[in-house]
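Taking the hints into account, I'd like the entire structure generated from these sequences.
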Amino acid sequence: MYYAELLLVGLVWGCTYALMALGLTLVYGLLRILHVAQATVFTLGAYVGLLVANYSGSLALAFAAAALAAGALGPLIYRLIYQPILEKPPSVALVASIGVLIAMEDGFRLIFGPYGLSFTHNSWFTTPVSFAGLTLNLVQVWIVLAAVLLLTAFAVFASRTRAGVAWRATVSDPAIAESFGVGVIGVRYLNFLIASILAGVAGVLVGLLNNLVEPGMGGLISYKGLAIIVLGGLGNVPGTLVASLLLGVLESFGTVLLDKVMDRDAISFLFLTLILMVRPQGLLGKAR
Amino acid sequence: MMLEGRNLAIAFGGVHAVAGVDLRVAQGELVGLIGPNGAGKTTLLRLLTGVLTPDSGSVQFEGRDVTRMPIHRRAQLGIVLTHQIVRPFRDMTLLDNVMVAAAANLTRRPWRAMVSLDAQPARERARALLARVGIADGADRIARSSPLGYLKRMQVARALALDPRLLLLDEPLAGLNYAEAARFADLIAELNADGVTIVLIEHNLGEVTRTVRRLVVLHNGAVLAEGVPRDVMERLDVRDAYLGVGAAHA
Amino acid sequence: MDYYLSVATFAALNVILALGLNLISGFCGQVSLGHAAFYGLGAYAAALCSVAGLPFPIALLAGVLAAGAFGILAGFAALRVREDFLAIVTMGVGFLFIGIVRKQQWLGAEMGIAKIPSPLDKWGYAALAIGAAVGMLLLSLHVRRSWMGRAFDAVAQDEDAARSIGIDVAGYKIAAFFIGTAAAGLAGGIYAHMAQLVVPDAFNFIQSITVLAMVVIGGVGSTLGVVTGAVLLTLMPEMFRFINDYKLLAYGVLLLAVMRFSPDGLAGLLSRLLRRGSA
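Sequences listed follow chains F, V and Y, in order.
The first sequence runs 1 to 288 under my numbering.
The second sequence runs 1 to 250 under my numbering.
The third sequence runs 1 to 279 under my numbering.
If you're looking for bench data, these hints aren't it; they were derived computationally from the structure.
No residue lacks a Cβ here, since even glycine has one placed at the ideal position from N, Cα and C.
Don't take each hint at face value.
Some chain V residues judged to face chain Y by a derived CB distance under 7 Å, without partners named [unchecked claim]:
| # | residue |
| --- | --- |
| 1 | Ala103 |
| 2 | Thr107 |
| 3 | Ala139 |
This is how it looks when you write it as structure tokens:
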């Protein structure tokens, strides 16, 4: 039973990672940029969601607001930061992204204070959900639901809609896509829009999960997200999902088994490093 | 016999890129390796230089088995490759590009390199080599803004700087116009006359048949024919291989 | 006076860190986002030795060797993965270091190692740090001019081409990591004795990014640029007290500005201005 619970908790974490990592792999697949600044959008979503939730009492409104805010910021970051430096070597974009991340983290600290804010009515947090002898709270259930819903929606979008097909074409070969009349710039904005909305929603969910929204909450999940997309094979969406869940479960078991040796984050990165040493192209990636 | 590839074979995901090839090159030879697209020429060259390791077969160089030897060790032994798509050090001048190779004995070991400061001998040698390949005037041009003809010749100069025993050229004439290609082919012939053993891959059949002494034709990963250029090119099966696949360039 | 000595010492330590990273990333082209881990390794190793009663020079040496040994391991990682992947792996190394150290009771866990014996006074540390910084500066300049520097350059620009002209790319990468991390270890050892306390959080990702910022803003690959960057970023929060509160915001914005407008940093900017001035 105990192990089943660990597994479940791990899967929940894995779902939050998936929401974050999907955005990262989308951006990488399209632009070869490690979008560490995804953390910024995540945290903004969390703050906006919390403020709206506390003010209006409606979680639905909170999610909508978070998605809106995140969806606005993400493409803005692309336009202001990444677009001008697309031609430069990849490390330039990475360093710029890191710059955005630490600047914004500090910005959030200055605006909202360093100690974080809480939800005034976090009913989901306090609502237990039991099945098969295991108990989760409603936030955890919603996280899994959100992940499943959003990712399925994305899959449908990518394979069934015109915009989705255009997007996939652009990812696999921008030049050819362009010659077929696909507006590559539009696809890029769409890419960031989707990635950012996912991150913003994830931000609110994680805020609810911990009942705390703080300036640095996005950093670690963003770094781990990078580790995940590398493991899953850069630009490889199914691979990213598998790697996300795998990492979540590994952390869950790892924190219990290796409690005396290393902390949760170290476990993730140890796993990542070992895998990369054995398979430099990632778990499901193709050899470069 | 300087170089012997014996029964070399390698497959990629079910495709036998090279399937049992024997290749012998004697010292001082100028050998041309031709064949339609996909015949396995570049793969064979990569097996000889160490970019790829064969699934079976061996590569012997001057009596030593080099089949599994890493690239930089083979370069140190004297097997040097120039790439089909030129790979200069883009932010260095043409002179610097050759200089780094000219000081190969100094750059071999990091710790030795650390205590070596004298760049004069290497610089002079590099200048001489640039002159030898005809681009002395380009010495101070940055590689990234140099025309293809210069880069190709620089590549050869860089290879020569390593005192190669065996020079392997992967499509040296690719991308050059008619006049440039003819001049470059002449340069290759001159280098061979000076004593450098050369094996080259080429699609430019006109120039390669004019320049080399022996021709080896690859088709579907195996040797189809070899001999004196004129005899080889008149063979029906060679013509079929080219025209049948529809890939004749000339 | 004490205050100025402290600042000078920290500036010198940052110079050593930045020059070490510059050698790895600037000269040899290997991304490394976990440099603080080696700073920390040196600090912890030196601290353990001193607390155990070993003499100061031995402690410092232990710091250098501990950091360098792990640096060699990191170098091996750089043989397997490149660029983006290497960035993530080195970032991971940083998190691994902290994540493991935080849980080790024998290393003081979260509280770290305290009451480290301090054999020198403020002047002594300042002199030692500045001396080491000058040494590192001279070493950097020397390596740059030597054939090692040229070979590093070749490796940084095109590994495969470098291999094809006989350069032992693997050997150079490992050498770069060793020198750069050993320097960080030396800085760590000095820091440990000066502060008399080492805690895991002093060597976190933000610290790695701070060193990166010094290198990037100064100008990746430019020895003097990097020194300037290190000194500037150490002095600025001190000289303009109010900046201290916005330090990370300022770093972030600076990094962004540099990447956007002058990716080769202040050094690149300067050389462009000079060229335009003389044109």
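Fill in: Violating hint indices (sorted, rising)
Of the numbered hints given earlier, the structure breaks just one, which is hint 3.
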